[in-house]
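Trainee: The chain contents come next:
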Amino acid sequence: GAGVSQSPSNKVTEKGKDVELRCDPISGHTALYWYRQRLGQGLEFLIYFQGNSAPDKSGLPSDRFSAERTGESVSTLTIQRTQQEDSAVYLCASSLDRGSGDTQYFGPGTRLTVL
Amino acid sequence: GENVEQHPSTLSVQEGDSAVIKCTYSDSASNYFPWYKQELGKGPQLIIDIRSNVGEKKDQRIAVTLNKTAKHFSLHITETQPEDSAVYFCAAANDYKLSFGAGTTVTVRA
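Note that the protein sequences, when read in sequence, are chains H and R.
For what it's worth, my numbering labels the leading residue of the first sequence as 5, then goes sequentially.
For what it's worth, my numbering labels the leading residue of the second sequence as 363, then goes sequentially.
This is chain H alone, in the form it adopts within the complex:
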């Protein structure tokens, strides 16, 4: 079956512009996660959705970052007034349910470059 998909695969933007990144999770997965991966580093947790609600936004770096999920499916991560330090790969993952031990399946990521 289809895995997690993300679009665009690459995004180049100018400092100060807003960007929107999209994630389509595996059908039927109720939990959805966003992570950021800076060059040569591990993954940083950003936000977790259970259904359409986000009970944990603790990883969002600043109020320029926001995310929403609709229809218990697609999610968008929005970065306003982008800064050069926002350059990274943004990864989305989904799992069947929440809870420890539920495998998180990752998409291919969106590589964001802020000039």
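Treat the hints with caution; some may be incorrect.
What the hints assert, rightly or not - Selected chain H positions facing chain R (in silico; Cβ < 8 angstroms):
no.: 1; residue: L47
no.: 2; residue: F49
no.: 3; residue: L95
no.: 4; residue: T107
no.: 5; residue: Q108
As the list claims (entries may be wrong) - Once the Cα atoms are required to be at most 27 angstroms apart in a straight line, the calculated DSSO-like pairs of lysine-lysine come out as:
no.: 6; chain 1: R; residue 1: K404; chain 2: H; residue 2: K15
no.: 7; chain 1: R; residue 1: K459; chain 2: H; residue 2: K61
no.: 8; chain 1: H; residue 1: K61; chain 2: H; residue 2: K15
no.: 9; chain 1: H; residue 1: K61; chain 2: R; residue 2: K399
no.: 10; chain 1: H; residue 1: K15; chain 2: R; residue 2: K399
To be verified - Far from chain H by the CB rule (all over 12 angstroms, computed), these chain R residues:
no.: 11; residue: I424
no.: 12; residue: K433
no.: 13; residue: Q443
I should point out that these hints are in silico values taken from the structure, not numbers from a laboratory.
The beta-carbon is built from N, C-alpha and C at its ideal position, and this holds for glycine as well.
Chain H is already provided as a structure; the job is to place chain R on it using the hints.
Mentor: Same frame as chain H, now just chain R:
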């Protein structure tokens, strides 16, 4: 919060030899420990995981060991092949939030 440290950061092995990657974690409440493999330009893919009630798990050439007392876990790859070349990440979780190590770049020399 949870802090996961991973060593080494790079590992070069001769094809056919074994590779070992070690991770330590700080939160004694963590009870789920997955390992992910990430190839260039792709998202991480789960290769094996272990839960806190198990000390060791094996899947063909890959094995993971867990020592809860010492709060460390390791990935062992035997009979390495060129296709094992990738970045490997360990992670620890209590509930839904995965905390990742910084990654190990494994290169298998032919």
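Trainee: Among the hints numbered above, which are violated by the structure, and what are their numbers in rising order?
Mentor: No hint contradicted; all consistent.
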